[in-house]
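*Asks:* Which chain is which? The protein sequence lines are A and B, in order. Residue 252 in our numbering sits at position 252 of the first sequence, and the numbers go up by one each step. Residue 355 in our numbering sits at position 355 of the second sequence, and the numbers go up by one each step.
Read the hints as simulated data drawn from the structure, not as lab findings. Every clue listed holds true.
Taking lysine to aspartate or glutamate pairs in the EDC-like style, the calculated list, with each CA pair at most 20 Å apart, reads:
1) A:205 - B:95
2) A:116 - B:14
3) A:198 - B:95
4) B:282 - B:371
5) A:197 - B:95
6) A:198 - B:108
7) A:113 - B:55
8) B:282 - B:250
9) A:179 - B:160
10) A:198 - B:75
11) A:113 - B:54
12) B:28 - B:203
13) A:113 - B:14
14) A:179 - B:55
15) A:179 - B:54
16) B:10 - B:58
17) B:154 - B:70
18) B:209 - B:22
With the Cβ distance kept under 8 Å, some of the chain A side facing chain B (calculated, not the full set):
19) 178
20) 180
21) 186
22) 190
23) 202
A virtual CB, placed ideally from N, CA and C, is assigned to each residue, including glycine.
The residues making up each chain are set out below.
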Amino acid sequence: MSEKSITASRRHMGLKAASRVSNTLIHILLTVISVIWLIPFVFILLQSFRVESTWQVGYVVPKTWGFANYINLFDSDFPRWYMNTFIVAVVTAVLQTVIVLCMSYTLSRFRFKGRKLLMRFMMILGMFPGMLTMIILYRVLSDLGMTQANAVPGLILVYIASSGMGYYVSKGFFDTIPKSLDEAARVDGATRFQVLKKIILPLSKPIVIYTILTAFMAPWGDYVFAQYVSMGTSAGKNVAVGMYGWLNKDQIASRYTMFCAGGVLVALPVTILFMCLQKYYVEGVTGGAVKG
Amino acid sequence: MASVKLTGIKKIYDNKVVAVHDFDLEIKDKEFVVFVGPSGCGKSTTLRMIAGLEEISEGTLEIDGVVVNDLQPKDRDIAMVFQNYALYPHMTVYDNIAFSLRLQKRPEEEIYRKVTNAAEILGITEYLMRKPRALSGGQRQRVAIGRAIVRNAKVFLMDEPLSNLDAKLRNQMRAEIILLRQRIDTTFVYVTHDQTEAMTLGDRIVIMKDGFIQQVGTPQEVFEMPRNIFVAGFIGSPQMNFFEGELRSDANGYNVSVLGKRIALDEQKCELLRRNGVAGLKKVTVGIRPEHLEVDFENGDSSVRGKVRVNEMMGSELHLHVSAQGNDNIVIRTPTVDLSAEHRSSLANGCDISFSFRSKVIQLFDPETEESLLYR
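The whole structure should be built from the sequences, with the hints applied where relevant.
*Replies:* What follows is the structure, given as structure tokens:
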């Protein structure tokens, strides 16, 4: 080996070492952040298996382990609330996804009078906080008989009513799919709906999954609207509203560990969904940058 | 297989831009018609109106005698090949070709038979299970053509199908399209901006500019009898040379002075000029193709003297860019096969040169209207 190439390879090794050091630092930092991030979840998980006391204690790892907290959940209104939430979230996810995707396809592919105006109007409308509409919404729902014990259909209605306005991300993605694919399919004998179903959606998997996930998550974790609509009854509550009730000072002493167990059960479906779909979710969040 | 008739077709966009003006054309059954013109001339728009992808603003479009103006593309029974192939990226080649047949709910055995048959014609059998992204440009274009031929559609539309391919592949695919046409024998409408493609493929060529049809005719007709300066310049490569000239009629017939020379026109041309009512003294634009200018190595009286500015060696021929008599870019095309080494060296950049016209093939245009004075 000549002297020159030796220096070159030494320099190369130097670069390698430097990048290894910075990689290690980054990994240490990320590990620390994720540990901090995970502490509350681990804490709740451990609390939910603690059976020696139902109130807060001064240590983290339970002395006696058991499923009593989970079993007790089934003697409360929890299953009812859980079902309410589940029905609302699933129905909302399905309907909202259909509406959002159809809306996005329409805005991306059709040219009609007032299209730009409509898009601008929806964007401005979207800037107002949804809470502003709460009083009038309650009024409407109550006239329709969809409050309190009948809160489930009422909540579904509220959640999907404005879902067309969430078209931005998927429209942006559809815009990146060449129009000539639509045209080729239409010449091949497809209707507009078949184009959407057979060409656009299979090419937009990340966005479809992103849309389903966000549509599921919002009602799953909603508190404010659910609280308002179901006010005064237990039958119409969702988990967030129902379990929050356990935190008042009359109940918390006997319900604290149960609350933790309920929290674990609430987190479960979302965690599973995310673990299965996170690859698509990330692609979806990064938007049209990645083509399906 | 069907005829296509366009009557007074117009395309006006929302912003009032008129892309196609009064387009009249009758395409016969099994005819291969090529729309050619520079970009923005409305050729693709017209094709897309035939396909139903673009709304027809005015006029009627008939396929096989039925007015189809308001029919959706899927109901027009047409097949189309796109410039960017437009293959469905998530489907295999097989599924791409089978797509239209599946929409028609044909039985799977029939689909299999048709797809494999089309793949065989196009030589893509071994790629049937691949996704489009694993194919080269030429292979993708074959798949796109395959997708169109399984349809057995009445009319076959092609929108610049070769312009995304490299030059060599383009020549090869052009030949294949000619073979394909013999094999499937249906009505073709083909759009291109490349005059060579238009000349080699079309039974008839429709030359367009700014939304207007300039001329419709067989390749030979548009080459030999261009209707106006635009057509004359557009068809043929390198482009036709244009000079200012003066046309004079006398008792013996017509003659034209150009580049300081006076050329007598033959009887046939005189006849045409007489019929078109051209008389007296008149300024004209004289057009002559590069291959119809002849280099004179022995200086004759009739030859024009000039200087070679650029000598382009094309292999079988030389393209000489010459300046003479105040014209800076006269192109002369001369075959190399009979040139002696001595003659060849006399054509180098900067050399003096003499050349003469073949008066039989010159074109005469009115400089104001740009119309041909020799058009029948």
